[in-house]
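Its first residue numbered 4, the sequence shown is counted upward by one per residue in my numbering.
Take these hints with a grain of salt, some might be off.
Said to hold, decoys possible - For lysine-lysine, the following DSBU-like pairs were computed, each having C-alpha atoms within a straight-line distance of at most 35 Å:
1. K47 x K96
2. K47 x K80
3. K186 x K239
4. K124 x K80
5. K30 x K124
6. K186 x K96
Stated by the list, open to error - Distance ranges between label pairs, derived from CB positions:
7. N319 x T139: 40 to 48 Å
8. T176 x T232: 12 to 20 Å
9. G343 x S227: 20 to 28 Å
10. N426 x E362: 42 to 50 Å
11. Y366 x D415: 23 to 31 Å
12. T176 x D313: 14 to 22 Å
13. I496 x N426: 16 to 24 Å
14. T112 x Y32: 18 to 26 Å
These are computed hints drawn from the structure, not numbers from a lab. No experiment lies behind these values; they were computed from the predicted model shown. Every residue, glycine too, gets a C-beta built ideally from N, C-alpha and C.
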Amino acid sequence: MLGSNGTYYSIPSQAIADAYGINTIFKGYVNYTDSSFLANMTNKGPLPWIARFNDNPIYLASPQGLHHFLNETDYNKFGYQFGSEANLPAYLKNYYSTSTDIAPTVMLTDWSAIYSIDLGKKSQIANLTAYNTLGTPTYSSRPSVVLPPQYVATLTDSAPIIANGTFTRTSDTNQLGVYSNDKLYTLDGITAGYWGSTPDYVSTSTRLAMVAQAGSSLSAQYASDASGTQYLLGNKRKITFSPNQAIAYGLTGKTFTQVNQDILDRFTTQTAGNIVRSVGDAAVYHPIAGKLYHIYSPEDLSGLGFVSGDTMVINNPIANLFTNSSSKEFAAGRLIRIDGTPQVYVIDDNLTMHFIPSEDNFYSFNYSFNNVTVAPAGSLTGYTSAGDLNHYVSEYSGTKWIIDNRQRYKLDSSTANAFGYTNGQFPVVSSRVIYPTALGPNMTQLIRANNSPVVYYISGGQRHWVSSESLFYTKGFSWAQVRVLSPDIVATIPLGADLQ
Numbered sequence: 004m005l006g007s008n009g010t011y012y013s014i015p016s017q018a019i020a021d022a023y024g025i026n027t028i029f030k031g032y033v034n035y036t037d038s039s040f041l042a043n044m045t046n047k048g049p050l051p052w053i054a055r056f057n058d059n060p061i062y063l064a065s066p067q068g069l070h071h072f073l074n075e076t077d078y079n080k081f082g083y084q085f086g087s088e089a090n091l092p093a094y095l096k097n098y099y100s101t102s103t104d105i106a107p108t109v110m111l112t113d114w115s116a117i118y119s120i121d122l123g124k125k126s127q128i129a130n131l132t133a134y135n136t137l138g139t140p141t142y143s144s145r146p147s148v149v150l151p152p153q154y155v156a157t158l159t160d161s162a163p164i165i166a167n168g169t170f171t172r173t174s175d176t177n178q179l180g181v182y183s184n185d186k187l188y189t190l191d192g193i194t195a196g197y198w199g200s201t202p203d204y205v206s207t208s209t210r211l212a213m214v215a216q217a218g219s220s221l222s223a224q225y226a227s228d229a230s231g232t233q234y235l236l237g238n239k240r241k242i243t244f245s246p247n248q249a250i251a252y253g254l255t256g257k258t259f260t261q262v263n264q265d266i267l268d269r270f271t272t273q274t275a276g277n278i279v280r281s282v283g284d285a286a287v288y289h290p291i292a293g294k295l296y297h298i299y300s301p302e303d304l305s306g307l308g309f310v311s312g313d314t315m316v317i318n319n320p321i322a323n324l325f326t327n328s329s330s331k332e333f334a335a336g337r338l339i340r341i342d343g344t345p346q347v348y349v350i351d352d353n354l355t356m357h358f359i360p361s362e363d364n365f366y367s368f369n370y371s372f373n374n375v376t377v378a379p380a381g382s383l384t385g386y387t388s389a390g391d392l393n394h395y396v397s398e399y400s401g402t403k404w405i406i407d408n409r410q411r412y413k414l415d416s417s418t419a420n421a422f423g424y425t426n427g428q429f430p431v432v433s434s435r436v437i438y439p440t441a442l443g444p445n446m447t448q449l450i451r452a453n454n455s456p457v458v459y460y461i462s463g464g465q466r467h468w469v470s471s472e473s474l475f476y477t478k479g480f481s482w483a484q485v486r487v488l489s490p491d492i493v494a495t496i497p498l499g500a501d502l503q
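Just need the whole structure built from these sequences, with the hints factored in.
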């Protein structure tokens, strides 16, 4: 290409030819001649990307037109020094129809990347987050210019510009990472799976190696922030939980790694659910000490005090935290028989159950065989026996009862002492186990069997025969005080000396 003042430039590449419009703007103006035409001209070497037109301002040439360098600062940002530009005849500038100002924020013509240019080096702006939030002023608010990839490729690579909290992947080695606190941490595949992180920025390992390296790998499903708040990370969520939920989820004793806030900000905050359901599974589970118990039915769901709004839908890897228990969970008071076995159990709180040893006991509690649920084998494997259910029980509140003939009789402390009823002697049950019975009068120290007129006075854990009616009245007793019980209950009380 002919320059000013008897000079010429060779065209070193197709990219330069395209930049100056050799095959477009000047198509039809190309002259073919022999080397003698150039013999008396000065060869200035390869035509550079930058040129002035007979000492006019300097431009960068591209297929989009000429880009004017407004000042020496921008000129230097692109790595140029005065004198390195081509000097072309002034009339050639008239062939170019567009002229825009150069800017150090560069977009490629195919919009595949954005760069910041400084000192002749290019730093790729990782993504729109970095473009919109980084820089002072932000890159998105600065003037920009669109340039061809062929030109940008001539600039030396520098460290990319990445926003904290950006997940990365190397295109050549598939190494996952996260940029946090102005450093790049590597991520193992398991952690990336836990976090549900998809890369925000994919580039070569060479380019990503240019940013500051943390020199360590992050591996944390159990995370905490600087204030000590703990989170369970998974599926792009950071899940908060109460102390009770930590026990239920089996999180006590786990090591929680402090994670920079810029990473945590990438996760959506969610409150842990008291019950969970896996994606695509209608079954609802109750986490207990790190195990999942299948809540057997909607009746049990409500009986356990839950509503559907308590449910948290989980997917891997959160689901992988738990061990699936083969046991079902039933509400307290439910009557269960395992398929193929005759034994009937009543369910109580805290994964406990009581075997009902006889039909007499069964009916005494006003139970009905119509209410017995036949459950699959293994449904009660997670339950602990809390004692056989008999006629004597204590509530968790400490209230003591005698259960007989579908009624419950309360024992005050003096009556309980008279019966020899001590704490820990009989099963402790919840109210839902005993409240199918009707509330009878308070128990007294006077009893008789329903098949006998013999009255006994209870004292010191024994029954003492009241041998005559005169003695009965002498002791100040009244017939309203006598409680009529089943013979088997009376028989269980040791017989002592006759009342004197």
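We went through each hint and held it up to the structure:
1. Restraint check for K47 and K96: satisfied, since their Cα atoms lie roughly 19 Å apart, inside the 35 Å limit.
2. The suggested pairing of K47 with K80 holds, with an alpha-carbon distance near 24 Å, which does not exceed 35 Å.
3. Between K186 and K239 the CA atoms are separated by roughly 21 Å; this keeps the pair inside 35 Å, and the hint holds.
4. For the given pair, K124 sits about 8 Å from K80 by alpha-carbon distance, which is consistent with the 35 Å threshold.
5. Using a Cα cut-off of 35 Å, the hinted pair K30 and K124 holds, with the two alpha carbons roughly 33 Å apart.
6. For the given pair, K186 sits about 47 Å from K96 by alpha-carbon distance, which is inconsistent with the 35 Å threshold.
7. The hinted range of 40 to 48 Å is satisfied by N319 and T139, whose Cβ atoms lie roughly 42 Å apart.
8. Roughly 35 Å separates the CB atoms of T176 and T232, a value that falls outside the hinted 12 to 20 Å.
9. Between G343 and S227 the beta carbon distance is about 49 Å. The supplied range of 20 to 28 Å is therefore violated.
10. For the pair N426 and E362, the supplied restraint of 42 to 50 Å is violated, since their beta-carbon distance comes to about 29 Å.
11. The hinted window of 23 to 31 Å between Y366 and D415 holds, with their beta carbons roughly 26 Å apart.
12. At about 44 Å, the beta-carbon gap between T176 and D313 misses the expected band of 14 to 22 Å.
13. Between I496 and N426 the beta carbons are some 19 Å apart, a value that agrees with the proposed interval 16 to 24 Å.
14. Evaluation of the 18 to 26 Å hint for T112 and Y32 yields a pass: the beta carbon distance comes to about 25 Å.
In summary, the structure is inconsistent with hints 6, 8, 9, 10 and 12 from the numbered list given earlier, while agreeing with the others.
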